[in-house]
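Peer 1: Sequence:
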Amino acid sequence: MSRLGVYMIGARGNVAATAITGALAISQGRAAAHGMVTTGPEFKGVPLTAIQDLVFGGCDVSAISLADKATEIGQSRIVPLDLARELKADLVEVDRRIATVEGFKFGALPRGGYLPELTRIEERIARFRADNNLARVVVVNLCSTEPHFAETPDFDTPEGLVAALAKAPAGFCTGTLLNALAALRQGCAYVNFTPSQGSELPALRKIARDSKLPHAGKDGKTGETLLKTVLGPMFLARNLKVLSWVGNNFLGNNDGAVLDAPAAKDSKLRQKDAALREMLGGDSFVRTDIQYVPSLGDWKTAWDLIHFEGFLGTQMTLQFTWQGCDSALAAPLVLDLVRLVDAAWRNGESGLLPQLSPFFKNPLDGHTHDFAQQMAGLCSWADQLRAARLNTMR
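Residues in the sequence shown are numbered consecutively from 0, following numbering that gives the first Met the number 0.
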């Protein structure tokens, strides 16, 4: 099986650095692949690109080297510090494939306008593919959450979108939208691991369909929301009426700082509450909040209170506290998604991939939020890939 390019937007951030460090460690036999769904027994015999055949690259607004970032996350106990040091030479090599870019904040025009920025992004992706002799590239969005922008008819068709970008004012769209558009225009598969608007917009969906490219998103489901999509169906199955479900998230690091801004927080909370609201219906009071606590760093604490009504109207509560390392939870899922999107691509599948819904807070295909049902769909698809492979071997 040929090598697969993995072009990360935000390639020197905590999640990307953890994923790259982990992939290198697993490839060299220095660590086990705990947390990766695709290395579990359900995927034995499924034709997936080997972890050692992933070629990492990308871009970031940060100029810190990947090796220094790995040391930094090692000191924060996100990855073992010894491992980060042992892999320094490999990380330096990967860092040569990461471009330092200007980027732009929402509400400000990129240098020269949106179209010149789109051209620059496309050129970087094309250069990464050509320099590394890659037939296939998956672009993964791992940058910080961006504010939600208003969707207009300009986003309905590829032609209308490009025409609008030529004259659009500041605040028309975000960097995530431009990166997703550039990826698909360059013939790459695309994964949006963030809550920001990307390939779900109609114009980009059409490009993916017409170009026979797979894409998936959005917002990786790693912690508190994962528990919600497991516990929510339990209450429904037992016919226990959820009166209120409220939660509070406390986190530090750069993501926490970004989410401290009201517009970015709103974009995130749109995804976090969507699953519960859809599962429980409109009668339940559902609310989540996010608080920035700098001293916590990458270690997030989520506290949830569930107030429910049982037999004869008896009211009861369930409370849970989730404490986890955001990057260590997200990184293996990023590697899973890259391998699974690539497998679908090689299998001739394109457009949105409903089988990948268990990885996202807000699956773009609108399938169930019930985690058990989502995983059943994913495993059924894996069985199909395995059977197809066996047939070709006969």
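Since the hints were derived computationally from the structure, they do not count as laboratory data.
These numbers were taken from a predicted model, which means no experiment stands behind them.
Among these hints, one or two may not hold up.
Straight line, CA to CA, 25 angstroms or less: simulated SDA-like cross-link-like pairs of lysine to any residue [stated by the list, open to error]:
#, residue 1, residue 2
1, Lys211, Pro146
2, Lys240, Asp369
3, Lys43, Asn346
4, Lys211, Arg123
5, Lys43, Leu389
6, Lys87, Ala98
7, Lys205, Asp155
Peer 1: Taking the hints in turn, state whether each one holds.
Peer 2: Hint-by-hint comparison with the structure:
At roughly 29 angstroms between alpha-carbon atoms, lysine 211 and proline 146 are farther apart than 25 angstroms, so this suggested pair is violated. Of the pairs offered as hints, the one joining lysine 240 and aspartate 369 holds, with about 17 angstroms between alpha carbons and a cut-off of 25 angstroms not exceeded. At roughly 17 angstroms between alpha-carbon atoms, lysine 43 and asparagine 346 fall within 25 angstroms of each other, so this suggested pair holds. Of the pairs offered as hints, the one joining lysine 211 and arginine 123 holds, with about 22 angstroms between alpha carbons and a cut-off of 25 angstroms not exceeded.
Restraint check for lysine 43 and leucine 389: satisfied, since their Cα atoms lie roughly 12 angstroms apart, inside the 25 angstroms limit. For the proposed pair lysine 87 and alanine 98, the alpha carbon gap of about 18 angstroms is at most 25 angstroms, so the pair holds. For the given pair, lysine 205 sits about 9 angstroms from aspartate 155 by alpha-carbon distance, which is consistent with the 25 angstroms threshold.
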